[in-house]
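**Student:** So you can see what is in the structure, the chains are spelled out below.
Number of protein chains: 4
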Amino acid sequence: MYFTSDNASGAHPKVLAAITRANDGFARSYGADEIMARVTARVREVFEHPEAAVYLVSTGTVANSLALAIHSKPWSAVFAHTEAHIATDECGAPEFYTDGAKLIGVAGDHGKMTPDALAQAIGRIGEVGVHGVQRGMVSITNVTEAGTVYTAAEVADLVTVAKRWDLPCHLDGARFANALVATGATAADMTWKAGIDVVSFGGTKNGCMGVEAVVMFDPAKAWEFELRRKRAGHLLSKHRFLSAQFEAYLEGDLWLDMATHANAMGARLATGVAAAGARHQHPAQANMMFPEWAMGTHQRLEAAGAAYYQMPASPGMEAARLVTSWNTTEAEVDQFLSVLRG
Amino acid sequence: MYFTSDNASGAHPKVLAAITRANDGFARSYGADEIMARVTARVREVFEHPEAAVYLVSTGTVANSLALAIHSKPWSAVFAHTEAHIATDECGAPEFYTDGAKLIGVAGDHGKMTPDALAQAIGRIGEVGVHGVQRGMVSITNVTEAGTVYTAAEVADLVTVAKRWDLPCHLDGARFANALVATGATAADMTWKAGIDVVSFGGTKNGCMGVEAVVMFDPAKAWEFELRRKRAGHLLSKHRFLSAQFEAYLEGDLWLDMATHANAMGARLATGVAAAGARHQHPAQANMMFPEWAMGTHQRLEAAGAAYYQMPASPGMEAARLVTSWNTTEAEVDQFLSVLRG
Amino acid sequence: MYFTSDNASGAHPKVLAAITRANDGFARSYGADEIMARVTARVREVFEHPEAAVYLVSTGTVANSLALAIHSKPWSAVFAHTEAHIATDECGAPEFYTDGAKLIGVAGDHGKMTPDALAQAIGRIGEVGVHGVQRGMVSITNVTEAGTVYTAAEVADLVTVAKRWDLPCHLDGARFANALVATGATAADMTWKAGIDVVSFGGTKNGCMGVEAVVMFDPAKAWEFELRRKRAGHLLSKHRFLSAQFEAYLEGDLWLDMATHANAMGARLATGVAAAGARHQHPAQANMMFPEWAMGTHQRLEAAGAAYYQMPASPGMEAARLVTSWNTTEAEVDQFLSVLRG
Amino acid sequence: MYFTSDNASGAHPKVLAAITRANDGFARSYGADEIMARVTARVREVFEHPEAAVYLVSTGTVANSLALAIHSKPWSAVFAHTEAHIATDECGAPEFYTDGAKLIGVAGDHGKMTPDALAQAIGRIGEVGVHGVQRGMVSITNVTEAGTVYTAAEVADLVTVAKRWDLPCHLDGARFANALVATGATAADMTWKAGIDVVSFGGTKNGCMGVEAVVMFDPAKAWEFELRRKRAGHLLSKHRFLSAQFEAYLEGDLWLDMATHANAMGARLATGVAAAGARHQHPAQANMMFPEWAMGTHQRLEAAGAAYYQMPASPGMEAARLVTSWNTTEAEVDQFLSVLRG
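Chains as they are written, first to last, in the working numbering: chain A, 13 to 354; chain B, 13 to 354; chain C, 13 to 354; chain D, 13 to 354.
Everything labelled a hint here was simulated from the structure, so no lab data went into it.
A quick note: this is a predicted structure, and the numbers were derived from the prediction, not measured.
List of simulated lysine-lysine pairs, DSS-like, C-alpha gap at most 25 Å:
| id | chain 1 | residue 1 | chain 2 | residue 2 |
| --- | --- | --- | --- | --- |
| 1 | D | K233 | A | K85 |
| 2 | A | K85 | D | K85 |
| 3 | A | K233 | D | K85 |
| 4 | C | K233 | C | K175 |
| 5 | A | K175 | D | K233 |
| 6 | A | K233 | D | K175 |
Please take these sequences and the hints and turn them into a complete structure.
**Tutor:** Structure below.
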């Protein structure tokens, strides 16, 4: 009953097998391996975009930070939801990589920005000319930190606002596959067809060992990306091991299969939790949820071996953060629900 | 006949097996995995230093850069050999991580600084008070970029110079195991017993997939290290896969065995190359060498399938950079020498 | 009728005379001039603090930014009112100087943080360990951006909150003299006696040409300040001209006299404006106020030659920002009020 | 007998008078003052370039640093003479402002780079692709740190080298007027007609209080310059006092008259010093020279009241750095020479 995080799971056996295969013999280092060439081609197919620039890094934090750095300036305002991962959980990595850009929180229920709130936030910035930071870019997280999802149309609506001011748009897709599965959108629908310029396309949380792709639909910034990645110590010498993971991840739609499973387990868990009378803080739309229980319930679950994070909620109540992953089993979910029902 | 780099080799089967074992089940993320606790204990044993702080990252560039960042200030001078990796091959990563510290090149034959040259370089800095950068720290690379090694006593001599000004000292040990094997020094001799404050202890080039340890003998800076690592996107969520590599690397002295082999292959190759009449630019003391040949010889080697880097040398001559690794075979070396002899 | 800003005024004749006097002959450069030694002594007297470190720079932005930089880390959270000058009007200078620290806005009516709101903001930060920015420091602006003032006791209450977490506290005193005059506090009461660690002590807005002092009550960081100032290009070679201004500013309490006058003109204007029926957005407690008028009134004032900034307020209304200064005359104020009354 | 530095002199009376005049009444702040509009027009006339962007700042360090920052990237190599002020005397300000660019020293006799040495330095950089810093820009100091000057043709020759790689070129003209007077070149000849992209046009050392112009011949980067200047705290609110200085500086060619005088005093001093038997370390071509004397001579000069910097030279000898300025008198020079002759 391990619902702490999808990054507490290991890698899918096919990913591991690919790493083992990739280990044979010598390979060119620093991204010049043959597998990477195939990964680039496959990512372009997945996104239906033959010119996308594709790079691999080992964490979501650096994927996001580099995506922000190449599309902003040190004096830029970067608009994102108040609770976005880049704003709250990366120890200032975006500020480090952008040399000091300023994140502007946009509020919104259930982890989602609304077009109006975004427009107001962007509008306010820049009114003081040279005295203030300048309108820079927008970052949208999907699946959100609240476990909700934006549809492709909702993403497009936010991008439309951003483009009134010609701002580049980033999609933080640490759980990109879960968002696609939840909404039925294609990778293209959710990104460049909605106007997104750069995506952090997550692999780690969804069955890889540690790999994220950064996909840029305008390849003009590719060289700058390579320099920034190297300068940050994120260009792996034995890069083939990143490539191999991502190739296996995409092959035969393994990535979508794993997300489909994780979301299904999420739905089973969410439904059961609600049936047991708990209030969900946010609609549970993918593989993460935040139900509230009294302390006694938490103690009972913990005593039974359930693992997850807790955080203060309404008086007398604590919220749980429950995350399902590619290898969560029905049995685990059902055992949890059984303990919950008492 | 692949002598391009030791990072063109894959991982040792035992390292791969450890990764596979580590994949089972759930594990705490972000460095709180159980394997990491064992790695820390084992590294402390290897260094005979029960209080050392030990962290894992995935590249040598970031290991070096973080080691520099926590021991310097943005206005520091960092003294290193003119040809040090941090000065020439990391795209300014040290400047990025230190927020602008200044590398001061110290010249010296065969990739090695002399105590006198270091003393002069340090002495010159700081003469202009607030107008100049300030004496900051010293970084020593062992094995050097020239394929030579410092003995532990030579390291201690350089540190003695640095300590006249109380400067912290870093050892860039991307090929640390090869340096120990080449000199017969223990890990302790080569580092803290010689006065070194922080080590980049390489794994990747010597049979791992992608892992380097940073070992700090004064644990006071441990928390700052953790913050800087996270902020750089170098704290892996599925950290167990770094831990597993390093545990296997150290177990049963696999790391020393692999370096012993790589150095032995280096010696066999160097001897054969010299016997065939080539001049070595630098003494070949570990697993890397720089012999010079006329272009015709290079063409013959290349035609026979030998892979390595070439660089301009004396008129009419080009130098080769040949690197042997944990999985270089005697047969490969002998075949290369046979082609060379024509 | 020029109420645009106190920085639209020139320098007091005594300040100008001091500059002229200082121009004679040669003087040691870069802060080693004799006048500076007297300024340091005099500032220490004014603050009743014999060990304070005292430095001069030419703008408030850099005074604030350096004060923040020497008391924080790149991964620090800096707590300040949502509308603080450092947060909204310095084009990200704090982020530039701190290498990426994160400003956390603390809301509060009339430009003032409350101890509770500050405590909540500080409490929230740091809950996610290494994943989030760390509690860093607090910055308090007095006079606030809303034209209100904190009493020395109110400053002490905020500092008390900050010190629960051992956070250094900065006072942005761009209008420090106006705050002292408005509250009757001494310089010592308002700063180190209230627990403040570093002050930006403004001169420019209050009758100087361009000079601000940074006063640090713990001189341990003095050398770091000097290095950061130089590195930022803010160490003036002909520094005597900064020193001369500040010496004249402090001599015979000219600084307090000028602030007394500016505040008196502010009170006369605020009273008249209220008597004419306008609503003040914030209590007018020093030399700045924000009354609201219908557009017709603004047009009438402008037509009569009044100069000030306008900003959107409640429907149908626009707020004026009116600032009085050391050389605002009663006649000017009365003329303005006369036009206003129509 | 004050030959310490040209920044130990005060301001010319006309500059001071201009400041006094500018003090009257209210003026728009932050560079929107009317005097600045006239300064821009006049600088364009002086440079015969109707589109140049012109900005004022208060120190040479920030003028240089901003000029570098807007023409480089954090991963750029900036080529400059090994002894350039930006490399040795600005406490890493260029690294701070560029977010970590790397200064590459180009050696050359008497403070001057040769085209060949520059070409070699540029050629070497960039050979390692993404692993090394990238060719960025060139900075040329004129008058050099050695007191020598480049003719306009020599500047053009260096620029021609830089333009083989399309690199932007900066002229550090802290003593720009002295260089023009020494060579007879016009401002246009020495800069954009020679291919220079951006100039630090010094005022402070040559009779101003504290003002330098940055002149960019491609105005496309003007807005970025304004943002970077503000963000650095270098946009003065009472900017009129910078404008007034520079207007007076340019009016009636005061700037050239003062440099003519300083250079003439330099020549008188240099000739006398040589006649007295001293060796000049470098040809004395403007207002700065480095003669060598035995310690006894230095002591005699010091005893007689001469002030200047000393630095170690050949065995038994110390070099003096002697700088003349706009207000050095013939009497002073002759008195010094008289003491020297003994």
